[in-house]
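Based on the sequences and whatever the hints tell you, model everything.
Okay, here's what each chain looks like letter by letter:
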Amino acid sequence: MSKNIKSNRKPVLELRNVNKSFGPIDVLHDISLKVHKGEVLCLLGDNGAGKSTLIKTLCGVHKPTSGTILMDGEEVNFPNPRSAADKGISTVHQFGGTFPLMSIGRSFFVGVEPTKNFGPIKIFDRKKANEIAVKAVQDFGITRIDDGDRLIGGLSGGERQSLAIARAVHFGARVLILDEPTAALGVKQASHVLRIVNEAKKRGLAVIFITHQVMHAMAVGDHFAVLIRGGIAADFKKGERSREEITDLMAGGETMADLEAEIQASIDE
Amino acid sequence: MRNLSIGSLLIRPEAGAFLGMVFVFVFFAVFGGSTFTSFSGAASWLNVAANLGIIAIPIGFLMIAGELDLSIGAMVPAASMSMGIISGYYGLPILVGVGLTMLFAATFGWINGIIVVRTEVPSLIVTMGTLFSIAGLTLFLSIFLTDTTAVALNAPAWAKAVFGDFYFGSYQIIILWWLGMTAIYVYFLHFSPWGNWLYAMGGDKVSARNAGIPTNKLTIGMFMLSSLSAAFVGICQTILFNSAQVSSGMSFIFNTIISVVIGGVILTGGFGSVIGIFFGTITFAMVNQGIYFTDFDRNLSSLIVGIMLLIAVLMNNTFRQMALTHTSPKKKK
Ligand SMILES: Nc1ncnc2c1ncn2[C@@H]1O[C@H](COP(=O)(O)OP(=O)(O)OP(=O)(O)O)[C@@H](O)[C@H]1O
Ligand SMILES: [Mg+2]
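Read top to bottom, the protein sequences are chains P and Z.
Take the first sequence: its letters are residues -17 to 251, numbered as in this note's numbering.
Take the second sequence: its letters are residues 34 to 366, numbered as in this note's numbering.
Hints in this document: simulated from the structure, not taken from any laboratory.
Just so you know, even glycine gets a beta-carbon here, dropped at the ideal spot from N, CA and C.
This list has only true hints and no planted wrong ones.
Simulated coverage check for chain Z against chain P, where a stretch passes if three residues somewhere in it have a Cβ under 8 Å from a Cβ of chain P: (1) 227 to 233; (2) 236 to 242; (3) 296 to 305.
Short, incomplete list of chain P residues facing chain Z, as computed with Cβ under 8 Å: (4) A67; (5) G78; (6) G79; (7) P82; (8) E95; (9) K104; (10) F106; (11) L133; (12) G135; (13) G136.
To spell it out: a stretch of chain P is covered by chain Z in this simulated footprint if at least three of its residues, at any positions, have a beta carbon under 8 Å from a beta carbon of chain Z; those stretches are: (14) 54 to 64; (15) 83 to 91.
Here it is as structure tokens:
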């Protein structure tokens, strides 16, 4: 049922005519987008197209210069990342997201620490934090992690990325936003992330997925939006465009026949 | 349940600091003779440690959060003079002096914090600016108001008992304040949820902010705390010695940073512990004072501090590497 999204259902998250500029620099122009429950929206576009800026306005890091954000059909304002998180939107940003010298348990709960209360005195519940964090990571297939006291810096890049994603999934009750989660990952780890995206989708989350890899986009996307220089250049459903067309759009609309052939060659290997 | 294997103890940030402290203690116990470890001998380094430690822990917090505060070097004498002028020169009640001085300190700390979060100029530079500003202001106001650079203050007995007096012969009351504050800071950093925020900020400020942590408020709060702590030490010294001088507190800058680094805090932020800083401060104070108990040339004191600092940094690096690769041994069940 998640495959056939009825367009008349209320989207979990919707942008209406959103503009964003940093001083004189206009980054986003008149963006209108919707993402539904149990749907993966792939946000595509060249470097600097404004993808990260777009999702940052969705999760309270930036405020839109104009336009509205709606959640379940009602207008919302996110003055800071906290307020978006409280509404069930969780984000794995393109860079960072974990804290190398913190333990897995502590890092997992940054900003939402579980506590044991003794009257007015709050004590960080290390045991609970470790248990939940380790379980969340193991649920996503990283069974090698079994000690919540381990420091993040000792994990591999893929494990760290998985931890960041597991964290987002754990706290993201409604919307999961992943900004190039597969960028630094190997083939196996990347397919792992794709599986995570599919699992989140099955759980009924709305997912916004940013990637530069056509293969990854086509593997999980139900719905695609292409940004070119800050504007929506194309917005289509799965199966409505060929891979060649998508690749051209992702490259900013230029013909990519040569590069496409190269990509094809590497995919076919 | 804490795992108390040797490995898991060694990866704690205070491990190196503790070993360093034991080594330095043994060193001076051997070369300094019995006076170093005697009841009155110990007072000499514990007094130094207490005055330093009250400032060192908030500086450590700032360093864990990835910031630095040099302005405490001017805050100590500024608070001292403020106290001397208000309650000594003008003869206002001690509590008025303490209250106003703390208010000044909070304001300067707030200014440090605001400049750092608004401009994003490194706090090293910002607080270097405020360091000189506060020092200049202190000198100017002292001359302007009192025509001198030193004022006397005769505190009533209760104030001396609370803020500045010797007990058991040579133990300053500030040692008790230091121990109490250390206990509160241990709770704050290691047991309260806010400690987690500080580590996260030092690890990656942008990610911490994205995770919903009020990084700006926390930064400003930390600068206010370091300023207030420096002022507290200034106030206690004025009451203890019955006088205040414009003279410099610049040595506090280096001494606190050295104590914090010996204590296992990493300069780039995100790692460290209160107990480590506590041990680091005692270690520094023992080296600083211990030389007087030995037959060594006093001029060697700085050399020893320097070498210790280097050893501490190298040890910290090693321990951090161990921490990064450490997993607790598999539980057998
Ligand atoms: N805080 C900011 N201030 C000024 N300009 C910004 C800011 N953030 C982003 N920009 C500009 O907005 C444009 C879009 O940036 P954005 O990071 O959204 O691109 P992107 O689509 O995520 O690119 P990439 O694929 O490389 O991640 C860039 O030209 C960038 O320079
Ligand atoms: Mg980006």
